[in-house]
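Here the protein sequences line up with chains C and X, keeping their order.
Convert by adding 2 to the 1-based position in the first sequence; the result is the number in the working numbering.
Convert by adding 2 to the 1-based position in the second sequence; the result is the number in the working numbering.
Don't read these hints as lab results, they were simulated from the structure.
One should not assume that every hint holds.
Pairs count within a copy or across copies, as identical chains cannot be separated in the list.
[As the list claims (entries may be wrong)] Heads up, simulated DSSO-like pairs for lysine-lysine below, C-alpha to C-alpha not over 30 Å straight-line: (1) K164 <-> K153; (2) K60 <-> K81; (3) K164 <-> K81; (4) K153 <-> K60; (5) K60 <-> K164; (6) K164 <-> K188; (7) K188 <-> K81; (8) K60 <-> K188.
If you want the building blocks of each chain, they are given just below.
There are 2 protein chains.
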Amino acid sequence: MLEFWFEFASTYSYPVAMTVGEQAEALGVEIRWRPFLLGPIFADHGMNDSPFNLNPTKGAYMWRDLERLCEDEQLRWRKPSAFPRNGLLAARVAYALQESEAIESFVQAVYVANFVDDLDISMPDVLFDCLPPELEDPELALEDAMSDATKNGLRVQTERAKTLGLFGAPSFTVGEELFWGGDRLKQALTLAAESAG
Amino acid sequence: MLEFWFEFASTYSYPVAMTVGEQAEALGVEIRWRPFLLGPIFADHGMNDSPFNLNPTKGAYMWRDLERLCEDEQLRWRKPSAFPRNGLLAARVAYALQESEAIESFVQAVYVANFVDDLDISMPDVLFDCLPPELEDPELALEDAMSDATKNGLRVQTERAKTLGLFGAPSFTVGEELFWGGDRLKQALTLAAESAG
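Isolated chain C, as found in the complex:
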């Protein structure tokens, strides 16, 4: 079993969210989707903005790198007009859905909204449109996202991310073993496949 840690503001989480399901299935690895917030983790390290905004040289590189990555993986990509977008509400919806079948298509739809359609994913109506049609009661999903249980659950999950040593997204954990970045997904999946065997 592999836990996939993602943050909706994270550009590098997008290509992984689009492909991790397929790659895990090919190796017979079960995935748990783990939304968390980077804001509180960056704040612990004295950063109050994305590292890609704080260091514009690194930022310029990241935008070009993403373009190339998405081209290689044949994923659509558009640099969003605002960055980073506030992913708090989206993360709460994802947390409320994380044990349901709907999680993968919701997460993918939010990334596409942000990084392909350049929509403001902090808006409830944008997130509503990202909910998969098979959800029986989409209004309830948004209500659940605003409940105290969800708010607190996401906070606890972010604390767990810190305890596991996470400092960026996407990340993967297999037990206590941490992997950072899409470039380590194969290594993480291999470990997860071995651990399951």
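Guided by the hints, dock chain X onto chain C, whose structure is given.
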């Protein structure tokens, strides 16, 4: 043609330095070895130490990640007792040798000294032992490294790195196109092979 930018203090430059020659040859790509200094670049971004020391969470991850990477690539690895080591003199020797046949084996020997044998690569006698036996006059190589021409040449090369948008090591450039990290070596080599064709 691909320019391979490395810094002797950089842990992630080590596995690349050990394998880039072979990988480039397999694709018929010519490599230029480009030592540079990260210190002045980090200083421009307000950092006066390695980012892995400034953010210990990221640092702890890096040490584990390096262990795993080297295991996967069957490279020896030992966490050095001091980090980062001062690579200024080593970079000057490498600059003086960068257009010679000796460059690859010198660079590899310095990385092995630092990250396998835990030797202080700021010491002239350690670097002397890293010079390949085919060098006619090894004493002259160290003298060249201390010349004003070399000191200035390395400074200019580091300025060029900044102009190309470098912010870390290892990096690769193919013309103006920048790639950061060993995980982008294949992409960079592919572009270089296409550009040559």
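Q) Can you list which hints this structure breaks, lowest number first? A) Of the numbered hints, all hold.
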